[in-house]
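K.L.:
Protein sequences, first through last, are from chains A and B.
Numbering that gives the first Met the number 0 applies: residue 0 is where the first sequence begins, and numbers increase by one.
Numbering that gives the first Met the number 0 applies: residue 0 is where the second sequence begins, and numbers increase by one.
Source of the hints: derived by calculation from the structure; they are not laboratory data.
It cannot be assumed that every hint is accurate.
Distance condition first, Cα-Cα at most 30 Å in a straight line; then the derived DSBU-like pairs of lysine-lysine [claimed, not checked]: (1) B:Lys3 <-> A:Lys235; (2) B:Lys66 <-> B:Lys151; (3) B:Lys185 <-> A:Lys235; (4) B:Lys363 <-> A:Lys235; (5) B:Lys108 <-> B:Lys57; (6) A:Lys235 <-> B:Lys108; (7) B:Lys363 <-> B:Lys146; (8) B:Lys185 <-> B:Lys148; (9) A:Lys235 <-> B:Lys309; (10) B:Lys363 <-> B:Lys205.
Only part of the chain A face toward chain B is listed, based on derived beta-carbon distances under 7 Å [to be verified]: (11) Gln175; (12) Ala194; (13) Ile283.
Every residue, glycine too, gets a C-beta built ideally from N, C-alpha and C.
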Amino acid sequence: MTNDSDHIVIESAARIFADLADPQTINRLDHAAWKAPFWQALADAGLALAWVPEQLGGAGAPLADGFAVLGVAGRFAVAVPLAETLLAGWLLTRAGVAAPNGRMTIAPSRPFDRIIFDADGTLSGCAIGIPFASEAQHIAVLAEGEEGAFVALVAARDCTIGQGQTLAGDPSNIVQFQRVKPLRYARAPFGLDHAALMLMGSVSRSVQTAGALESILSLSVSYANERVAFERPIGKFQAVQHNLARLAGETAAALAVSGSAANTITRSDSFDEAAFLEGASAKIRCAEAATEGSAIAHQVFGAIGFTNEHVLHRFTLRTLAWRDDFGSESYWAAELGKHVAKCGAEEFWPMVASR
Amino acid sequence: MSGKLQFNQIRLPPECDALRQEVRAFLAEEIAKGTFDPHRPGHGDSHDRAFSKRIGAKGWIGMTWPKKYGGHERSFLERYVVTEEFRVANAPVRSHFVADRQSGPILLKYAPEHVKANILPRICRGELCFVIGMSEPGSGSDLFAAKTKATKVDRGWRINGSKIWTSNANIADYMIALCRTSPPAKENRRHGLTQFLVDMKILGIKVNPIYQMSGQQDFNEVVFEDAFVPDDHVLGEIDGAWKQATSELAYERSGPERFLETFYLMLELIRAIGSAPDTRSAEGLGRLVAQLHTLRRMSVSVAGMLQAGKEPVVEAAIVKDLGTIWEQNLPNRVRELTAFVPPEIANRVTLEEQLAFATTIAPKLTIQGGTTEILRGIIARGLGLR
């Protein structure tokens, strides 16, 4: 899904990631001082608010560019709320709510959580697993009122934010909304519902996962060509080669299906049956690829691969953690299966072939 | 490989929609008049030359070939649509499919002009069945161990030896045979093999059937005893066939037939679990749908790259590796997911017949056209490990 505009965005993102958030360098640090200048550079380059139109304070980049940036962010296992801020900006501005500067996240981010928009204009409810909530200044909330869905911008300090982190050590928090008064809000446009938010989040996570798997594959191949055992590089052993070929297959599947889903949303900008089939499939297959791919990579690396010192875990643990955001593969598989069953056998092939 | 796996987002162009509707209408008509039963994949796999001729008349064989050889100069993506619709319908395409997919393209590239002018239009009309003459008793995955010998004689070559596991040799008109014309060179064991176009009706060829555990009767041993092949039936460079074989592989390995071989089970699974399945069945079905959609998107992407003149050899090998393992595992996945459905479901008999058939053909899927092990070797080479 690359075109010329993608290339420029990809290159500028990759340069910032490489200069200020190189995984090898970060992995050696025992502090988080790198985060502030890195975030500033992302904001200055217009990457954080890429999906916010210019009149609402953002860079007004096409959806394709934002997805391209997320792919690169995955390749660098970026540990700041870039995806979350992109998604928050997207959610807010779809409802015409202006996006603030700074780090944001979104709620809910799990399929079974609901935030209620009360008649008095306040938000109530509890959402678990909100990524980077404890590092965010603002939270974009999709809330449900008596008369439909609302999109609200909330100051993070107005919520009760619990402790918690993902497998990879990134914040993942329980957020409680106790009659929280939003800074601004608006009615959600037609078609922007809970399912749409879960799909958009799932496609974003899928694109990140595919990017991380690309790095996992290239790290693993390089290591196999360098590491010597039994007097030759382990990459010369057929058993190791076949494992790496499987890892390439999982990476390829993740790239293809996540790219396809991002392309679908980019082209239609709606959350119809096509977006559901593509987005759900992407989350399911990328999560499966994360499980398989991470296991293979760790097997290739042996003991060094599961030490703190080695960079591999920055990628593998993130891909494993991302499986659970915006609906796990089990959740989406059940949803997709129910839909396909309801449509019936005669409709199935036409549905697959339509993509 | 250029260092990075590429799966460009290719969507089938609008002209494919009209074509797809045309193919579906044709297939529906053929089913209605009893040409084949879409619920009986074992039978659908048989050959039906009259049917092949009707397909040829529609212009759906040799679709991408030049018009001057009877082709239709349509795109790989249009051919893709036709291939997948026929496969999903379990239509019998056996007598022309190999010619359409790989023999024709080899002839286009390497046969002398008068041979092309004679044979290609007949393939396009659905009149000719081709077979692949590669495997031998002592040469399977290791193609370069081929021993079937072609000896130069006046005006041609004499072939002696035998090919085995040759699908459709019992009904074939021609074989493209890989034969040894020189001993392997010390520095290159792949040297010394030549491809020949062999008329299966000539003297000196004997076809012996080999029955498969699935009940399929298309397997054969082909024995050559002084079979004469004229000089103009040499395809490409003498002793240099190894250079010709590899670039064709992307065509052979990435098509929809590499993951749709047991597709009918998806439909019976959906019928068996009904319109409101429990969570276990729904989740199982959903995963299969996601995996199938992924494979198809990868495969379409490779077709698009072929159309653009690229040679995505590694990507094609990946599609076949993942695709054949998926279609091979499908019978057992469906068996597990239907373990608790009530015995009185309407499609019980069809489901069980299909499961039995698919289970017995499953082992061949990861062997024919390049084993899993060979494919992973190709992928590893692409990754820079060899």
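K.L.:
The structure should be examined with respect to each hint, and the outcome stated for every one.
P.N.:
Going through the hints against the structure:
| no. | hint | in the structure |
| --- | --- | --- |
| 1 | B:Lys3 <-> A:Lys235 | holds (20 Å) |
| 2 | B:Lys66 <-> B:Lys151 | violated (35 Å) |
| 3 | B:Lys185 <-> A:Lys235 | holds (23 Å) |
| 4 | B:Lys363 <-> A:Lys235 | holds (28 Å) |
| 5 | B:Lys108 <-> B:Lys57 | holds (25 Å) |
| 6 | A:Lys235 <-> B:Lys108 | violated (35 Å) |
| 7 | B:Lys363 <-> B:Lys146 | holds (24 Å) |
| 8 | B:Lys185 <-> B:Lys148 | holds (19 Å) |
| 9 | A:Lys235 <-> B:Lys309 | holds (28 Å) |
| 10 | B:Lys363 <-> B:Lys205 | holds (24 Å) |
| 11 | Gln175 | violated (29 Å) |
| 12 | Ala194 | violated (15 Å) |
| 13 | Ile283 | holds (4 Å) |
In summary, the structure is inconsistent with hints 2, 6, 11, 12 from the numbered list given earlier, while agreeing with the others.
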